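The residues making up each chain are set out below.
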Amino acid sequence: MAIVTLVESINLALGRALADDPDVVVMGEDVGVNGGVFRATAGLQQRFGRMRVQDTPLAEGLIAGMAVGMGAQGLKVVAEIQFMGFIYPALDQIANHMARLRNRTRGRLTCPVVIRMPHGGGIHAPEHHSESLEVLLCHHAGLRVVCPSSPVRAYGLLLAAIRDPDPVIFLEPTRLYRMAKQDVLDDGQALPLDEASILREGDDVTLVTWGAMTHETLRAADLLLQEKISCEVIDLSSLSPIDHDTILDSVAHTGRLVIVHEAARNAGLGAEIAATVAEHALYDLLAPVERVTGYDIVTPYFALERAYIPSVERIIDAVRNTLKG
Amino acid sequence: MAIVTLVESINLALGRALADDPDVVVMGEDVGVNGGVFRATAGLQQRFGRMRVQDTPLAEGLIAGMAVGMGAQGLKVVAEIQFMGFIYPALDQIANHMARLRNRTRGRLTCPVVIRMPHGGGIHAPEHHSESLEVLLCHHAGLRVVCPSSPVRAYGLLLAAIRDPDPVIFLEPTRLYRMAKQDVLDDGQALPLDEASILREGDDVTLVTWGAMTHETLRAADLLLQEKISCEVIDLSSLSPIDHDTILDSVAHTGRLVIVHEAARNAGLGAEIAATVAEHALYDLLAPVERVTGYDIVTPYFALERAYIPSVERIIDAVRNTLKG
Amino acid sequence: MKTIAEFAIGYEQMLDADGSPVADLPEFTRDGTELVRMYRTMVLCRLFDTKAINLQRTGRLGTYAPCTGNEATHVAVGAAMRPGDVLCPVYREYGTQLWRGVTLTEILTYWAGDETGTNFKGPRGDFPWCVPIGSQSPHAAGAAMAFKIRKQPHCAVAYIGDGGTSQGAFHEAVNMAGAQKLPVVFVVVNNGWAISVPAAEQTAAQTFAQKGLGNGVPGVQVDGNDVIGVRAVMEQALARARAGEGPTVVEAVTYRLSDHTTADDASRYRPAAELAAAWKIEPLLRTRRYLESRKLWDAAQESALRAECGIQIDAAVLAYQNRPAAHTDAMFDHLFAQPTAALTAQKQLARRFGIPDKH
Amino acid sequence: MKTIAEFAIGYEQMLDADGSPVADLPEFTRDGTELVRMYRTMVLCRLFDTKAINLQRTGRLGTYAPCTGNEATHVAVGAAMRPGDVLCPVYREYGTQLWRGVTLTEILTYWAGDETGTNFKGPRGDFPWCVPIGSQSPHAAGAAMAFKIRKQPHCAVAYIGDGGTSQGAFHEAVNMAGAQKLPVVFVVVNNGWAISVPAAEQTAAQTFAQKGLGNGVPGVQVDGNDVIGVRAVMEQALARARAGEGPTVVEAVTYRLSDHTTADDASRYRPAAELAAAWKIEPLLRTRRYLESRKLWDAAQESALRAECGIQIDAAVLAYQNRPAAHTDAMFDHLFAQPTAALTAQKQLARRFGIPDKH
Ligand SMILES: Cc1ncc(C[n+]2csc(CCOP(=O)(O)OP(=O)(O)O)c2C)c(N)n1
Ligand SMILES: Cc1ncc(C[n+]2csc(CCOP(=O)(O)OP(=O)(O)O)c2C)c(N)n1
Ligand SMILES: [Mg+2]
Ligand SMILES: [Mg+2]
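Going down the list, the sequences are from chains L, W, B and U. Start counting the first sequence at 1114; every next residue gets the next number (our numbering). Start counting the second sequence at 1114; every next residue gets the next number (our numbering). Start counting the third sequence at 20; every next residue gets the next number (our numbering). Start counting the fourth sequence at 20; every next residue gets the next number (our numbering).
Don't read these hints as lab results, they were simulated from the structure. It is possible that some hints are incorrect.
Stated by the list, open to error - Below, computed lysine-lysine pairings styled on DSS-like, alpha-carbon distance capped at 27 Å:
| # | chain 1 | residue 1 | chain 2 | residue 2 |
| --- | --- | --- | --- | --- |
| 1 | U | Lys366 | L | Lys1437 |
| 2 | U | Lys70 | U | Lys21 |
| 3 | B | Lys299 | U | Lys21 |
| 4 | B | Lys200 | U | Lys21 |
| 5 | B | Lys21 | U | Lys200 |
| 6 | B | Lys21 | U | Lys167 |
Stated by the list, open to error - Sample of chain U residues with no beta-carbon within 12 Å of chain L, all distances over it, derived:
| # | residue |
| --- | --- |
| 7 | Arg49 |
| 8 | Ala213 |
| 9 | Thr280 |
| 10 | Phe351 |
| 11 | Gln365 |
| 12 | Leu368 |
All values derive from a computational prediction rather than experimental measurement. Ideal placement from N, C-alpha and C gives every residue a C-beta, glycine not left out.
From just these sequences and the hints, can you work out the full model?
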């Protein structure tokens, strides 16, 4: 049992996967000697050598494209993209090849690849370092998209992602990297994919969120509880596929739904959750669905990022709205 | 007045824009002597020369990136991407630069650029030639996304897009390129951006769709009318921003909503429409919202594309479901 | 200003347009049956092209990308490779694929819009056709990296066209392969055109063999209509790669004697004279002449071969036409090893509505 | 095998590490005041770096990318350009930007996470800093294409780092510029490292000057710590571009004497000895020595300069710290010329909630 931060739990899971399976290869920019710009791969090249923990040239498209070629040979590539804002050059390989290879070859070739990257803002980073672009990946069939909310879940979900025989996009909440520590048992136990996790049970409103926003959302739930408003808080965890059943069950119980995400609102993943409820739980709804999201603007430079990232106040306000209804 | 196909109306609008404004430059792969693989730029290089109608090297990222550099100099670039499945290499430039340049320079530099491309399937084309990826662009603030449904609207909306001082993604419904002809008056009149258009008024159900799917949707409306089911058919036209008011007004009148799009369902643009209705028109809804969409799969090779593209039968079925409710 | 680095690009040709040897021929040419096998495959490609175009014109096949004119390059590359190697093709290198065990029926099935065509029964490790131009290059670098990590004696071969070399992905892969001395060969098939854009407008580079120089990777240009020259150059490049000496860019200079695809009309943009001149140096005739000069071939064998190819092609077309019709389940069954709940539900929906007729 | 193409890369150095001329010095060196101005700007950059790092360490600035060690290259490029030209920088070429009229306050404002810092009052046409590595290269090709279309006498200059040359976008832009003979110069600042990846691991190329050869674009390598050599090479490349003879790749060999950014700790990966050796050939001292040898500079002027720079920097910091606080409206006001309905509504929402404190 080690008390670790989220980024340290990622490091533990990577070390475990490399130790357990000779086919696992970690690659990315500065993941070697430097141990990654967030230290997620610290010490791994020293332990596993330069072939299994590789610095790549500075080219995200290349990293994703090589992962396809290596994956088709059966290697389990765990590639790091330094920040989510730099995923764009890799999207062609991810969408046109990684997500499709199994299907277009009818199972002959596969891509047991994980692509890890920091997700979201809140750390006063420079331009292009704070993006939340999960929906770009979730819309593509053939990919799984996972986003943990704590060290314990990061460890178990990353191991599950690495062991999954298909491509998984693994989004790491940047501002949780060092925020809170947890006891993480490095026992090689994976958590199930495709499942949401209920962080807190409640009766009045269902709050659905993921990644770093679980922090503000739980805090809002705390404050609301002081007014006897009981919130059920769901950590989506699996952004694709979405565990709609868990959400629908909760809404059937509470009758109210507030979705919280950092990404821009328009065509964000919250829309899919709200739409599914409008289709399958319309008669359970006691009030209109609310979305508390980033605004439909370019992610601002950090001076205004706190005005952009949904605040506890905005979440509380939305919950109150649903209770008016 | 000329009776033309949709692709011919695009050609008319491009010719008009080139003739009216010396700053307009058309560029792309095979748009010159060859006149574009769909002939959208036929004859333009002969009329306007090799500087204003340019064949580019085979690189979509380059095309979008150059458009940013040319746009910042005040040129109105109208770039063609040969098929939407080839947009990925251009996304970094579109999302990280084109959509942001005005904002990040506080208006000092702008991108008066239009990026045109065929959208959707249905023409028995090879792999990667039938994609519907509008949501990848709609999610990005700083872009407008437009999709016409007829020669007349294509002409007017393309002129509006070219004249707009900000970047516009212009999606051309591939299977409508040559399907139906219309009288198009080449009078240089633009249609308004940011507005949906009501193709048919009705009382029982609101059908929202765009691009090529307007064809199947109108046909479904025809057949349903024979059973005295009256559908209001809305052509979204502006995929970003979405003209929610027009949709909400219609739903307030009909109480029922069916959204039809060709793109995959999960995190597709239909979700944003359904979510907005669930937020702002919950009490108007007499039945759960229905989405008739592509399945959450990789766009199949063309042998199965008719099973993938929402059929008239599926639309009719969805309308019936909402009437049960 | 002092010179700190110098580079040169060599050109190889072993059989001229008349089929006369213009260089010492390599070892493998001693084996007459091997040479004949190469020629037979070239002829099969040419005849298959005609058949496929005809099927498309008569509505029995989708858009098809012909290989006519490029057969020598395609067959020579296949002949130089080993079974354990991995091929990353573009979409018209049938000669290489046939040599490696892809079937004519699989090729037709692919162009008929049926994914089962990419589930090669032969070369299980080869990548399928790659439509997004340039995106196959990193796959080859990746496969080569896997061979290096596992210390396997295999090589990857990535094709790209003259137009494709304008894509950044190609340069990224070449740079990576050079930096890590990966066992991969990048074959640029310079067939003169990228749809309607001539190679000369695609780049200022006077050769495509030099495309790797900027990234420290050597290159060689070869007459792509010379099946012996291409095989010789490829064998050297592959040997170099296997020896851990790194990648090579091989430019095969040939010509696209066909339209770009059956959806294209090259007469709109291509000078007829250029096409006529290209026909004078096409690869089949010179190969045949050379074989005849070595008494390995004669008119009787030629007509026998054409008859055999006709039979083989007809059989492949028959198998293609008799293949099971695609079922909607197929759209859902191969997305994931473990399908998601949504997929399972949508699969039922698709079954219910089936494949509607066109309206 | 006959040779069909040959290429060479030249190396230029005019001032050696001691500041002694090692070549005939170009025209512009006759103008002592110009040389002094270049040196003054170099010193300003060096001192500003120290200040900015200090501001970051004390929580008064965000992450900052220092330029220490690269000043000669940055200032020389600026001095070689003309006002009407367009600069496409990366993020640490302050010397070029200052020469072109960007202010110290704008630089600080940018690194403080405030977009107003990119609204340059000076060079209105210059691109702002470009964080997505490699993506600025096509912008320069585009600006150059605009100049060509409009027959304007301007050039575009795009910076890129040694690491950045691995991005395909760079090669795509170089290829395009070559194919169309666009008026653009690509400056590769080879400062030895891409964060923790040494240049030698980034590519097999023995120089970065050769990065354009594959795409038919000539290159030249220059001592990037030699402000005279860099300016001379840049003036030639720019003249060539303006004359319609096409682009050049200029590699400036220098060294990143700092950490990558204030968020980086180079001691984790970089040999101390390498850093110490690099300090022995850094650009400021040699420039000063040369100026002194020409009696253009002395100790008194040096201390006066440092004092003036200090005052200038303090004034800039003051202006930076006194700038108006960012208002939430600013997030919405510059997205479109015509804002959308949704934006207008969200702007009100943002006003209502303002900028919450951190919890
Ligand atoms: C990324 C991408 N952009 C555009 C296309 C459309 N397209 C298909 S083939 C082709 C030209 C390819 O030319 P070349 O690389 O020379 O190969 P060739 O067809 O001549 O063998 C183009 C532009 C594509 N398939 N992929
Ligand atoms: C597309 C992209 N990927 C990754 C990064 C993260 N990153 C910032 S700077 C850098 C290294 C750049 O090295 P180089 O090009 O040599 O420029 P230098 O910093 O040495 O001046 C990296 C990997 C980025 N900014 N953009
Ligand atoms: Mg070609
Ligand atoms: Mg560097």
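Earlier hints that do not hold, by number: 2, 6, 8, 9, 10, 11, 12
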